[in-house]
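J.: Chains as they are written, first to last, in our numbering: chain A, 1 to 454; chain B, 1 to 534.
Take these hints with a grain of salt, some might be off.
[What the hints assert, rightly or not] Below, in silico cross-link-like pairs of lysine-lysine (DSS-like), each with a Cα-Cα straight-line distance of 30 Å or less:
1) Lys332(A) to Lys524(B)
2) Lys449(A) to Lys521(B)
3) Lys332(A) to Lys521(B)
4) Lys215(B) to Lys183(B)
5) Lys215(B) to Lys154(B)
6) Lys215(B) to Lys61(B)
7) Lys447(A) to Lys332(A)
8) Lys445(B) to Lys433(B)
9) Lys521(B) to Lys447(A)
10) Lys532(B) to Lys500(B)
11) Lys227(B) to Lys215(B)
12) Lys183(B) to Lys445(B)
13) Lys144(B) to Lys183(B)
14) Lys433(B) to Lys482(B)
15) Lys144(B) to Lys154(B)
16) Lys525(B) to Lys332(A)
17) Lys500(B) to Lys482(B)
18) Lys525(B) to Lys449(A)
19) Lys521(B) to Lys532(B)
20) Lys447(A) to Lys525(B)
21) Lys61(B) to Lys433(B)
[Claimed, not checked] According to the in silico footprint, chain A covers these stretches of chain B (three or more CB under 8 Å from chain A):
22) 12-26
23) 37-45
24) 501-515
If you're looking for bench data, these hints aren't it; they were derived computationally from the structure. Quick caveat, the model's predicted, so the values are computed rather than measured. Where is the CB? At the ideal position from N, CA and C, for every residue including glycine.
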Amino acid sequence: MEALTRVYNDHPKTLLFTSAAVIRILLAIAWPALPDLLTSRVEISTAVNSFKRLQEGLFLYDHGLDPYDGGIFHQAPLFLPLFSLLPSPQESIGRLISVLLYTALDLFSAELLCQIADSGAATQSTSYTSPRRQRTWRSISVVAIYLFNPYTLLTCLGRPTTIFTTFFVLLSISHACQARMATSAFALAVASYISLHPAFLLPPIGVLCYDRVCLQRISSSSQNAKPTTSKANVTIDQHRFPSALQFAFSMLTTYASTTALLLALSRLLLPSWTFIPSVYLTPLQLPDLTPNTGLWWYFFTEMFEPFRNFFLGVFWLHMFSYSIPLSLRLRKQPLASVVLMWGICCVLEPYAHIGAVGGAGSLLCCVGHVFELSTAHRYTFPALAALLYCTLLGPAFHHLWIYAGSGNANFFYAITLVWNLGLFILLTDTLYAVLRDEWECERPEGKGKDVRQI
Amino acid sequence: MSSAKSSPPPEQGSFIWTRRLILFAFWGVVVVLGLPHWLWTTSIHRSQLPLESMNNWADGKVCRLQYPIHVKLRYEDAGFDETNALAAETQHVLNALNQLPLYQFHITGDLANASSEQALLPSHVRDTLASRENSLIVNIQNDKKIKTPQAALKSLIPVLDVRHNPARTGDSLTAFLAREISKVFSHEQNYMHHLLQETPFESKEYVNRFSPEVKAGLDARTTRAFKYASTYHLTFSLFVASSSPSAWNIQQALEDGIYPLIERLSPVNRFTIDTQIQLYASFSPSIAGPQYNPITREWQLQRPDLSGFINAAEWPLSPSIGSGPTINFVLYVPSKHQSPLVLAETGGQSWIVPQWGGVQIFNPADKQVDQLTAEDLRPAMLTFADQLSTLVGLPPSPSSLSLRISGLTRERTTSLILSASSTLGALSRLTLKLTSIAIPDSVAKSVSETIHRLDQACQHMQDGRYLSALENARTAEEEAEKAFFEPSMVGQVYFPEEHKVAVYVPLLGPMAVPLVLSAIKELKKLRERKVKVA
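So here's chain A without its partners, still in its complex pose (with noise of 0.2 Å):
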């Protein structure tokens, strides 16, 4: 016990990782059922992420046929070379190979959201320092948090595609954090290329980027230049600033320009064009209704048709809306703007899904230093208990509706709303708790006194 306690105060990291990965392939040979089962849950897999329907899209494809003529494979074309190199999950060493590959990759958005806590993006930023930059979460708690949460756990053993997408925007935001402003556009271009609506994360990601790009120059000319008062250090630097128009703009080569050349090489893939319809339209049109945790499937099997797709084109633009909005109003604290949209994106996205959830909850992680604002002042409590009391009740309804027959759409239905009101309630609290913290730093007078309508 003592060797191990030792063992986690030197190598915390080690430890947490070994003895996720060894959880997760004990899992899944104790078990060898498991992944199967979690693959064909509802909540875990969608139209557009399902391993299944990616077994489907492989078969066609190693047989030589266009896999979107099935109509029932959606995901991104370049997944097909990649899993056809692996041995078919239906036996049993082809699953412990599948599940393996899905380890490594929590793995590495484990690193990367180690990376982005260490960064200190949450608390620095040009014009802004949080006064509670000691209380930020350390990062082996992030890591923690999301090796171990149940939402990552059984997302990792279904093997959803979209873990690929929580990869690639961890990689985008530790990128920014680093101010590599090239990879982090290219990842998120792969994001946004494989699922879509992670595109909306480019206005915050830009504003994040341009923020640590400034900064470094900042703290590189503070050490040529004599410390002198850090007030004259900001406004010397103002000019050394990269043009944030021209930074837009490279910004938005690079990213589209990404996008061009992984659609050009999924073309060179297959026969024909006929992918983009299959994977781009289907979250637009959103044509498969199975039941899911988000909250698209219920309003659109009641939607008059003639109004559908005026309200598909709503739910798109609400989703975007607060993209540009949060941006603005947390351009002092960008990494809580990326953090908060990517919250809103995992939960108002057509397909959702409980990885994403995991994800985008270990990463309102890295902003853990103005928790204590929300946990004091508003219903974080409360919220918690609704999303465990979802992840209990929602398989059961499911159950009951679908295959007991004692229930109806109704009960899984409301369990989803109950999931997502408690999603939103997270989300708004910790935007509540970010712009106190920054409105704490303006008016220190009003720390610790509660908020009142005026």
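Use these hints to put chain B onto chain A, whose structure you have.
T.: Coordinates of chain B only, in the frame set by chain A:
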């Protein structure tokens, strides 16, 4: 976010600008993306329909239904001029008669008589050739033995043979010809009037008053016949009450009895045929069944039993095979101990089930046979052929088959034109009444195709090309139905404007309230600040 007692300190300029930018970003999404999307997805596409010509068709203003009848007069014993004079005179008399206002007669003398090589051909070949261009051929022959003129129609070709004694009759030959020709068309004329009655196409000049018997006969004809379809499916079924006969030489029997009729009908309808045999076919339990009449030593089916005779539950008579409607012909062979089986009252053995088919009872001769030969089936097939002609709507008179078929062509064309026109009228009324329904381009295309085809049909009919008129009328009717029953048009029929509020408000309302309120608030502040500055 400050206490209510002390007024909050003034905001910094950058905050105001941030707030304005945020508001602007939200409103930008709404106005730049949302509004065009709303207009694009909810605007109703209404193709332009040629309403005026649709209504004209529905009101019967476009097409005057008139049927030119070309009659050829062949007078072998008279000269060329004499024949022509007779023809002209007969035409004048017929058209002046005003008994047949729908028909316009064009009577010409047969010129082939005098000159061309056709004269060398045998007379029936000449008749066949002539009948392609003419509705009727009148052959006049002199016969010194008869006192009054006599007329007889040939049964298969449209030829009216007239014999008369030139010594005894003067100009009454013209009157006789006119009477005989109008007699040929009188039934068709009645039926046409029956069809046109109470439609906008009804001719104003001629008000026909049918006697109740004639009207009943015309009604019966309409109710018996199938609705017009380009293809009918014929099912010939042998139902045997016991185990034998278990086979029938139906192929040969059909070739002898049915195919000739089908061939003659082929310009109007197409037919597909299948046959089946069912042994141990029992009566339906709902009927009383045959009763033995000791006087006539026959088993008799009562009249009420006839409608329930077909055992729909057990006899494999599928309602429809393929696209067209199915006409069923049932040949029923009763078992030996119930034989002979006849209908009570009439003693007949066959009857028609309106719009379904024909039934016939076949009482075999005493000896038990295993197979019905074509010879055995001949009378049955003749009855079936007769029933078939009734069921496809062939007029009962005149006696010449070819005249009946050309009459059927005209009648079917007329009813198709009527139906297509009234569908066009209904469609035009529908689109005017329901201003919110979509009109897809396919409907406009169908409508213009319908009108084009109707024009063609009308034109061809007035030119006397009845078969191509029928073809066009059929297409017109199909297109009109397709336009009227377009599924995407029906969806929004019952979607009134008020419902749209219920669709928009629940979702857009909560989103719009903060957006609108904050925009108003911001605008107010902007004005206050301006006032302060001023």
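J.: If you check each hint against the structure, which ones fail?
T.: 10 and 12
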